[in-house]
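Undergrad: If you're matching them up, the sequences are chains P and C in order.
1 is the number of the first residue of the first sequence in my numbering; add one for each residue after it.
1 is the number of the first residue of the second sequence in my numbering; add one for each residue after it.
Please keep in mind that the hints were generated in silico from the structure rather than gathered at the bench.
Cβ coordinates follow ideal geometry from the N, Cα and C atoms, glycine included.
Examples of chain C residues lying across from chain P (beta carbon under 10 angstroms, computed):
id: 1; residue: Ile-248
id: 2; residue: Asp-249
id: 3; residue: Arg-250
id: 4; residue: Asp-254
id: 5; residue: Ser-299
id: 6; residue: Gln-300
id: 7; residue: Arg-305
id: 8; residue: Leu-306
id: 9; residue: Leu-307
id: 10; residue: Met-310
id: 11; residue: Glu-311
id: 12; residue: Arg-313
id: 13; residue: Arg-314
id: 14; residue: Arg-321
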Amino acid sequence: MTRELQVENELGIHARPAQHIVKIASRYKADFFIVKDGHRINGKSILGVLMLAAEQGSTVLLEADGEGATDLLDELEQLFQDRFYES
Amino acid sequence: MDSSKQLSVRQFFEEEAGELRLTLLSDPMELGREIPQKNLHRPGLALAGYLELFTHDRIQVLGNTEISYLRSLSADQCRLAFERVFGLEIPCLVITNSNEPVPPMMELAAAAGVPVFQSELSTTELYHLLSDYLDDFFAPTETRHASLVDVYGTGLLLTGKSGIGKSEVALDLVERGHRLVADDVVIVTRKADRILMGQGNDLLQHMMEIRGLGILDVRQIYGIHAVRMQKRVEMIVELCLWEERGSIDRTGLDQETATILGLELPLIRLPIFPGKNITVICETLALNHHLKVYGYDSSQELNRRLLKTMEDRRRLRSYLRRDPE
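Bound conformation, chain C alone:
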């Protein structure tokens, strides 16, 4: 998790008040606290007095169950319940279903400096949307020196040394109708621990530098259909010089991989040389990737045919050897 990311309760409220239908019940001055992590918690057991393993550093959500429990308590018991819970540092409290806070709650929250919100949403809806927002906010990110292009719906991350021609390939792909996500600086975010999402920098957007031309705005030149805001990164294409190619896979049976933010992606190392059309190769890569997703692998198919042919021949050979005629 990226510990450098700081989310204050104020920022959370400003960004999500509409989406989560939040009303602030506390003094607006009390929004300085930090939300340190993405998980949520329902403090039922903590209110009942069991404080072991109480994950107090999460946003605390009071649903119908908690409120109905609190209402069942006497004023003194209720006060005691909140004194215990507020004794630990809590980022903020959210009451769902437009429930009203129980009497001593606001007074004790104000004393402890805990902001309290009320939401019109049900607990389940709130959990869903709030988790989504916090997941996004706390998702680990990494900046890559690369270009990201959506080629026939596959997100290709073009990497390689500076000056090797990543931008030129990206421009060529755009020219052929594919869509640029970002050039030069790609911000990769790991979403839901399963996928990698790539996007550009807000300031650079779809600007591109082509050596000899300078800075170009791809969206202005090619139009809105030539760009997109974000795209899942599905494949890494590393451009390298022919002399530095190392060992190149000739069949496609051995898929190399590379790791970004702990997730493995297929890696294709493409040696470049004059006369080699990297753009067409990138398009073919994307299409072949689709074929594989649909269950057809060209190299495996050819090998299957080959093995069958050889097996037939071998059977014939051993039959003829044993045949006295």
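The following block holds chain P by itself, in its conformation from the complex:
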């Protein structure tokens, strides 16, 4: 199950947004990966998420598989829409 999302907040996925993503992902049993620019990283790893350096305007592909995968993607989609609670 995949979903493509765009990063909309001004600063991109820096440490704080990354922490939000990892915290949400860690609550689910489903396997979770993020793909960007040919990198596929484990979405439950903070350093992995940071490494993507997903700037404003870039798109990332979320892959979730297993228990709660849909809920996880829904929750993350909301987080992206909320611009990680930033401007």
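Once you've looked at the hints, dock chain C against the given chain P.
TA: Chain C in isolation, oriented as in the chain P frame:
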């Protein structure tokens, strides 16, 4: 302030006579009074007759100024001055600079039951040392169920539920060359309202209980270099079970804190599980704390790099979008 602490003039004299170079001028039987608080007072204005706001419940210090003023008075005026001052309950009087008491003073002090000391020190020196002693004595303390270890010079207070392995971690740290301050019972004292000092109980000293082994004397087993008497508490490490971890900080950007005796300290909650080496984590915590003290914060540094990378990419992206070629 800990109101349960009682300091009698006798105890004060016995403990500090040497340090403060005190001589007792009064009858040794008159040392029963209590010193109720840590502050000092010079009763210049009170001797001159102004008794409003006279903080009589402090140790009263007579310096050169007071003595020289008293000497300038007639015998009757001097008597009146002391009658006014001794009309209120005073713990004791200390005359500095080895000055001799003025004539009616000792007689009136004896009648009022106020002990009088003479010190060889100057008023400034006496103030300094005496404040230090009283601050220490009246410092608020609290007993914590924890272990305190000096790890690379940082005082780590290991807390957590009984049986979670605080002592084992402390023992492991000692084994790796760090120094035990206290295990199981740590007495924390707030010094100068700024720092927290931790030490062990006099009886227990550096005894430790390891489940399955019983009581161990760390100083005897590992030697004197494995222990120290007291250490400033700089960080709290709370060991918790993985199931009870709650929300764990993944970046280190959000520093949690905990409060001991009204002072905030960084709190690190460490969930434990098999294969996780808490000792090495504690050492790293201590070293990282030093780095932060020196102005380097790893998580902020990484974030700074990251923000720069993303800003560069964003600039490039918007340039390419507007470029018709």
